[in-house]
Amino acid sequence: MSEDKAPGGGATLPAVPVVEAAGVGLTFQTADGPVHALKDVTLTIEKGDFVSFIGPSGCGKTTFLRAIAALEAPTEGTLTVNGMAPDAARQARAYGYVFQAAGLYPWRTIAGNVKLPLEIMGFSKAEQDERVRKVLELVDLDGFGNKFPWQLSGGMQQRASIARALGFDADILLMDEPFGALDEIVRDRLNEELLKLWSRTGKTIGFVTHSIPEAVYLSTRIVVMSPRPGRITDVIESPLPRERPLEIRDTQAFIDVAHRVREGLRAGHSYEE
Amino acid sequence: MRSLGPVLTVLVAILAIWYVGAVLMNARWAEDQAQRAHKTLTTSELVIQTMEQKRPVLPAPHQVAVALWQGVFAVSPTSKRSLVYHGWVTLSATLLGFVFGTAAGVLLAVGMVYNRAMDMSVMPWAIASQTIPIVAIAPMIIVVLYSIGITGLIPKAIISAYLSFFPVVVGMVKGLRSPDAMQIDLLKTYNAGGVQTFWKLRMPSSMPYFFTSLKVAAAAALVGTIVGELPTGAVAGLGARLLSGSYYGQTIQIWAVLVVAAVLAAGLVMVIGGVQSVTLKRMGMER
Ligand SMILES: Nc1ncnc2c1ncn2[C@@H]1O[C@H](COP(=O)(O)OP(=O)(O)OP(=O)(O)O)[C@@H](O)[C@H]1O
Ligand SMILES: [Mg+2]
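Sequence lines, in order, name chains A and B. Read in order, the letters of the first sequence correspond to residues 23 to 295 in this note's numbering. Read in order, the letters of the second sequence correspond to residues 6 to 292 in this note's numbering.
Hints are computed from structural coordinates only; laboratory data are not their basis. Treat the hints with caution; some may be incorrect.
Stated by the list, open to error - Cβ pair distances, simulated, as ranges:
1. A:D191 x B:A267: 53 to 61 Å
2. A:S175 x B:I142: 54 to 62 Å
3. B:I142 x A:D191: 18 to 26 Å
4. B:D124 x A:A148: 37 to 45 Å
5. A:E149 x B:K286: 27 to 35 Å
6. A:P128 x B:V268: 30 to 38 Å
7. B:G198 x A:E98: 27 to 35 Å
To be verified - Listed next, the in silico DSSO-like pairs over lysine-lysine satisfying Cα-Cα at most 30 Å (straight line):
8. A:K156 x B:K179
9. A:K169 x B:K205
10. B:K286 x B:K193
11. B:K286 x A:K147
12. B:K179 x B:K220
13. B:K205 x A:K147
14. B:K193 x A:K218
15. A:K156 x B:K220
16. A:K147 x A:K169
17. A:K218 x A:K156
18. B:K193 x A:K169
19. B:K205 x B:K193
20. A:K147 x B:K193
21. B:K220 x A:K61
22. A:K169 x B:K179
23. A:K218 x A:K169
24. B:K220 x B:K205
25. B:K205 x B:K179
26. B:K286 x B:K179
27. B:K193 x A:K156
28. A:K156 x A:K169
29. B:K286 x A:K169
30. A:K147 x A:K218
As the list claims (entries may be wrong) - One-sided and incomplete, this derived list gives chain B residues near chain A with beta-carbon spacing under 10 Å:
31. V17
32. A18
33. T156
34. D190
35. K193
36. T194
Ideal placement from N, C-alpha and C gives every residue a C-beta, glycine not left out.
Whole structure, please, built from the sequences with the hints as guidance.
Encoded structure:
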C-alpha cells in the first residue's frame, strides 16, 4: 500500500509524520475582541492516513486545515508539514487543497481549470495535456475537458476541482467539506470514488465534513472537535478495513464507530452549555 | 427584432412631443412677425409658420432631418460643409483620446491594486480631476500646448483622454479586486507569484468591468473632444460647427450636429458592446 513513488520524501526516510501539531492555538483578533478558533490542538497525521475532522459549525475545522496549508498562521504551538514549516511545505507544493465551493474559473474550460496549477508550476505543454487527460479520467470526467464550468452539474464541477488538486501529484490532499453542497446520491458516489483514488494513489488526506456516515465511511481516523475554543475532544481509530464497499455502512463495526463519533460530538456540546 | 415595436412606439412619441414643442416655442416669433405686418394668423397658418422658420427656437424634426440629409449626403465628404467631414475630424480625435485615456486608466488601476501608496494617493486626485469643469480647463490645456507648438489633433485628444480615463480607473480597480478570497487563496496554495495572479486571475476577472467602463469612457471621450473644439476657434470638427451655429443663430445646424454626435456616441458604444459580447462569449463568461 505504502509502496509508491512519492517525489517529496517520506518514503525512504524513517517516517516523518505528514502533519505534526503540538499545542497549536490560533486566535483571530477581531473588532469584538479575540476569537479562539483553535486551542491546544495536538495531532499527528501519518503518511497514507485518511483523517476526517468533524464537529459543529465554528469549531475550527476549516481554520486547522488552512493552518496546515499555510493560509493561516498559528499563534501558539508548533505545526510542521512533512517535517517543514507549513509555509515551506506550501512553497514545495506539498499539497492540493479542495475548497468547499468548486471555485472553478468561469473563463476557463474544465481542462483549462485543471491546467491552471500546472501552468503556474511550469510543467511543459505536453506534460500538462497528458496530466489533464489522466486526472480527468481519474475523476470520470473524460470528454468534458472542453466544456465550461456552467455547462456541468454541481457534482461534476466538484469533481473537476478535485482533479485540479490532483494534477500536480502532491502527496497531501486537504479537502474542506468538498461534498457539502451535494445531494446524498451524488455524495455516495463521490465518496466511493474518493476512496478508490486514495487507495490507488496512497495519498494522505485531511477531510473536513459535517456528516457522521461520511466521516466513518472514508476515514482511517476521525478527529472529533468542539467549539469555543476550538479543540479536539476525541480521536477515533477506525477498525474498518481499507477496502470498503458502500454496504459496509450496514455492518455492526460501522454502526459502532458512528455511535462513538456521535457520543463524542454530544460530549463536546454538553461541555459547552 | 421583438424589441422593434416598443422602440418605434417610443420614437413616435418623442417625435410627437417634439412637434408640439416646436409649435409652442416658435409661435411667439411667428405671431410677432404677423403683428408687425398687421396681419392675423389662423391657427393652421400659425402651425405651418412655426415649422418653416430659418432660425427657430426649436427646429421641427423634419427641418433637422433635411439639414442632416444635406450635410451628410448632398455634399462631398471633403467639403467644409459636410457633416461627415466634421464628424470624422471629431471622431479621429475621440478615438485617439479614448485609447490614451483607456491605457492611462488601466495603468493607474493596476498601480492602485498592487501598490499601497498609489492606492492611498491616486483616487482623490482622480476624483478631483473630474470635479473641475472641463470647459474651464480645456482652453488652458490648448493654450499651453499651443505655446509649445502642439496643435491640431493632439490637444483635443488629451482633453478627450482627460475625461475618459476616469471611468476606466474606477471600473478596473473594482474589476481587478473582484476575485473573492477563495480564488486568491487557491493561487496561494500553488505558490503563485504576483504576476501570475494578475494574468491568470485578476485580469480575466476584470473583463466584464473593463467593457462596461469602456462604454462610459467612449461617450466621455466624445464629449471631451467636442468641448476641446469649442474654445479654440477650431475650424473643423463637430464642436466648431456647434460654435459657429450658435454665433449665427443657426439652430437647425446646431441640432443636426447634435444628432451626428449622438449617432457617433451610440455607434461607439455599440461597437464596444459587440466586442464585449464576442470576447466574453469566447471566454465563457457570457452564455
Ligand atoms: N478570518 C477570520 N477572522 C476572524 N474570525 C475567524 C476567521 N476565520 C474564522 N474565524 C472564527 O474562527 C472560528 C472557527 O472558524 P472555522 O471556519 O474554522 O469553523 P469551522 O469548524 O470550519 O465551521 P463550519 O463547519 O461552519 O465551516 C469561528 O468562530 C469563526 O468565526
Ligand atoms: Mg468550515
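Checked hints:
A beta carbon spacing of about 60 Å between D191 (chain A) and A267 (chain B) agrees with the range 53 to 61 Å that was offered as a hint. Between S175 (chain A) and I142 (chain B) the C-beta distance comes to about 56 Å, which sits within the given range of 54 to 62 Å. In this structure the supplied range 18 to 26 Å is violated for I142 (chain B) paired with D191 (chain A), their Cβ-Cβ distance being about 60 Å. Separated by about 41 Å at the C-beta atoms, D124 (chain B) and A148 (chain A) satisfy the suggested range of 37 to 45 Å.
In this structure the hint that E149 (chain A) and K286 (chain B) lie 27 to 35 Å apart at CB holds, the actual value being about 30 Å. In this structure, P128 (chain A) and V268 (chain B) meet the distance hint of 30 to 38 Å, their C-beta atoms being roughly 35 Å apart. The supplied range of 27 to 35 Å is met by G198 (chain B) and E98 (chain A), whose beta-carbon atoms lie about 30 Å from each other. The straight-line distance between the Cα atoms of K156 (chain A) and K179 (chain B) is roughly 38 Å, outside the 30 Å bound, and the hint therefore fails.
Simply put, K169 (chain A) and K205 (chain B) have alpha-carbon atoms about 19 Å apart, close enough for the 30 Å limit, and the pair holds. Simply put, K286 (chain B) and K193 (chain B) have alpha-carbon atoms about 28 Å apart, close enough for the 30 Å limit, and the pair holds. For the proposed pair K286 (chain B) and K147 (chain A), the alpha carbon gap of about 25 Å is at most 30 Å, so the pair holds. Among the hinted pairs, K179 (chain B) with K220 (chain B) is consistent with the structure: their alpha-carbon atoms are about 16 Å apart, no more than 30 Å.
For the proposed pair K205 (chain B) and K147 (chain A), the alpha carbon gap of about 16 Å is at most 30 Å, so the pair holds. A C-alpha spacing of about 28 Å is found between K193 (chain B) and K218 (chain A), which places the hinted pair at or below 30 Å, so the restraint holds. Under the criterion of a C-alpha separation no larger than 30 Å, the hint pairing K156 (chain A) with K220 (chain B) is inconsistent with the structure, at around 43 Å. In summary, the hint linking K147 (chain A) to K169 (chain A) is supported, as the alpha carbons are separated by about 20 Å, within the 30 Å threshold.
A threshold of 30 Å between alpha carbons decides the hint, and for K218 (chain A) with K156 (chain A) the separation of about 15 Å falls inside it, so the pair holds. At roughly 26 Å between alpha-carbon atoms, K193 (chain B) and K169 (chain A) fall within 30 Å of each other, so this suggested pair holds. Annotation: proposed proximity of K205 (chain B) to K193 (chain B) holds, straight-line Cα distance about 12 Å (limit 30 Å). Taken as a hint, the K147 (chain A) and K193 (chain B) pair is honoured in the structure, with Cα atoms around 22 Å apart against an allowance of 30 Å.
Taken as a hint, the K220 (chain B) and K61 (chain A) pair is broken in the structure, with Cα atoms around 53 Å apart against an allowance of 30 Å. For the given pair, K169 (chain A) sits about 28 Å from K179 (chain B) by alpha-carbon distance, which is consistent with the 30 Å threshold. Between K218 (chain A) and K169 (chain A), the direct Cα distance comes to roughly 25 Å. Compliance with the 30 Å bound is thereby established for this hinted pair. At most 30 Å may separate the alpha-carbon atoms for a hinted pair to count; K220 (chain B) and K205 (chain B) meet this at roughly 24 Å.
Of the pairs offered as hints, the one joining K205 (chain B) and K179 (chain B) holds, with about 17 Å between alpha carbons and a cut-off of 30 Å not exceeded. For the hint linking K286 (chain B) to K179 (chain B), the alpha-carbon distance of about 21 Å falls within 30 Å, and the restraint holds. A threshold of 30 Å between alpha carbons decides the hint, and for K193 (chain B) with K156 (chain A) the separation of about 24 Å falls inside it, so the pair holds. At most 30 Å may separate the alpha-carbon atoms for a hinted pair to count; K156 (chain A) and K169 (chain A) meet this at roughly 17 Å.
Distance check on the hinted pair: K286 (chain B) and K169 (chain A) sit about 13 Å apart at the alpha-carbon level, within 30 Å; holds. About 29 Å separates the Cα atoms of K147 (chain A) and K218 (chain A), which keeps this hinted pair within 30 Å; it holds. Taking 10 Å as the C-beta contact cut-off toward chain A, the hint placing V17 (chain B) at the interface is violated, the least distance being around 40 Å. The interface hint given for A18 (chain B) is broken, as the beta carbon of that residue sits about 40 Å from the closest beta carbon of chain A, more than 10 Å.
Interface hint at T156 (chain B): violated, since its Cβ lies 44 Å from the closest Cβ of chain A, which is beyond the 10 Å cut-off. At a threshold of 10 Å, the smallest CB-CB gap from D190 (chain B) to chain A is about 5 Å, leaving the interface hint in force. Given the 10 Å rule on beta carbons, the hint for K193 (chain B) holds: about 6 Å separates it from the nearest Cβ of chain A. Interface hint at T194 (chain B): satisfied, since its Cβ lies 4 Å from the closest Cβ of chain A, which is below the 10 Å cut-off.
Hints 3, 8, 15, 21, 31, 32 and 33 from the list above are not met by this structure, while the remaining hints are.
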